[in-house]
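Colleague: Sequence:
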Amino acid sequence: MIWKSGPTDAPLPPLADGSFLVGSMQAMLSDPTDFMVKQYQKFGPIFRIKALNNKFTVIAGPEACLFLAREASKHLSSWDTWHSLDAEMGASQSLISVDGEQHSRLRALEKRGYSRQTIETQFPAVLNVINGFLDQWPVGTSQVTVPQLQRLITDELGMLIAGQGPGEYIDDVRTFVRIALMTHITRQRPGFLRLLPQYRRARDRSLELSQKVLDAHRNGKRDPNRPPSLIDDIIAATNDPTLMPEGDLVMTALGPYIAGLDTVANTMSFLMYVLTTKPELYKQVEAEADALFANGVPEPADLRKMDVLHRVVLENFRMYPIAPAVPRTVKAPFEFGGYRVDPGTRMLVATTVGHFLPELHPEPEKFDIDRYLAPRNEHRIPGAFAPFSTGSHTCLGAGLAEVQIMLTTAALLHYAKFEADPIDYKLKKVFAPTPAPDNSFKLRFVKRRNH
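In this text, residue positions in the sequence shown follow the numbering used here: the first is 8, and each later residue adds one.
The hints are simulated quantities; they were obtained by calculation from the structure and are not laboratory data.
Please note that a few of the clues may not be correct.
Said to hold, decoys possible - For each label pair, taking beta carbons as the anchor points, the in silico distance ranges come out as:
| id | residue 1 | residue 2 | range |
| --- | --- | --- | --- |
| 1 | K81 | K219 | 40 to 46 Å |
| 2 | S111 | S447 | 39 to 45 Å |
| 3 | D211 | K433 | 36 to 42 Å |
| 4 | K454 | P204 | 39 to 45 Å |
Beta carbons are placed, not taken as given, at the ideal position from N, Cα and C, and that holds for glycine.
Can you build the whole structure from these sequences, using the hints too?
Modeller: In structure tokens form, the structure reads like this:
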């Protein structure tokens, strides 16, 4: 164990590489994961970062994953990082902004809505959404990958969890979420952007969508054949205002439309990049997908047997993590790796640095799906693989997301043929707010298959 609780007279952590004026700003904007991996290899599992007027202490690697899992509740707080986003949506709290007992209560409330079972009981409905998506995409044309998959993934999640897709509101939700996260959370953009008419309209229309979803459930307009959903659960929970105040409903009901926008959709975009630029891997997954659908709509157990696709997804999680670090504020002092961390310190817990350490993943820059076969099983090494974070704030929808990614990928490859456009595209990542392929990566819809 490399940490201990309580005040200490240990020195502050070393300052990461950077210039005198702007510190590490440029490196953190261009590729924060790569920068933090290099600083870990230079300084070890703790260092400080300065980016203009922002200062953070970073703990990184497998040691940080272990600390987050065991000690976060004692030493770290989510509130200072996230509560301004709650307020932006008129809410007093959210699952992501609270810790301790209240976090556990909200997690229990929302667990069913974001569970693996939510999607596994609705495969036919998901496939209908995917086929509708393909029907609206003219064969032979190319589309920018990220916004196209954001549309598909958000349609799926809206239908699954809230009973309806975002429809005409999708661009509003995308604009609202991007600017809100980049000004409140990652601070990649100045706060005055929230004063602009484009943002205010997007925010208002996003909340309007959420209110319509709530009204539909309250007024008996929801499908009576559907099992109770997240929306039903949170409405019922308003009977206990300490758990779900009435004023928090709108933000919480917007969750299904936000949940996959910069996470599952970006992960899928990287995955389609991998498959369309690795023809042999594409052929293997396509063959698995065709076998999966040989008898019509597959069962969840059949999806779980897709060995190659599953390992491709795991390696995609490793090489292209969507959340390079978890932001927190220190609430109680501790010593980590021989250095002190004081209360009030803004902290980044870089949980995915371990994904790129050669001592955990030999040749980490290589896309290698055999890492997940015995005896290697690199994803089972403690702290080596944390695509959904770790500890009490581990992504509530991790199981749902994995099933969604696998089913959507299998369906896209079974019902259609895609190519990268340009065919020789070289990956360029952007971080706005989370990593994704840049807009020069397009998917060309070559032809319909098996339809």
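Colleague: Hints first: check each against the structure and report whether it holds.
Modeller: Verification of the hints:
no.	hint	in the structure
1	K81 with K219: 40 to 46 Å	42 Å, holds
2	S111 with S447: 39 to 45 Å	44 Å, holds
3	D211 with K433: 36 to 42 Å	40 Å, holds
4	K454 with P204: 39 to 45 Å	42 Å, holds
The earlier numbered hints are all upheld by this structure, with none contradicted.
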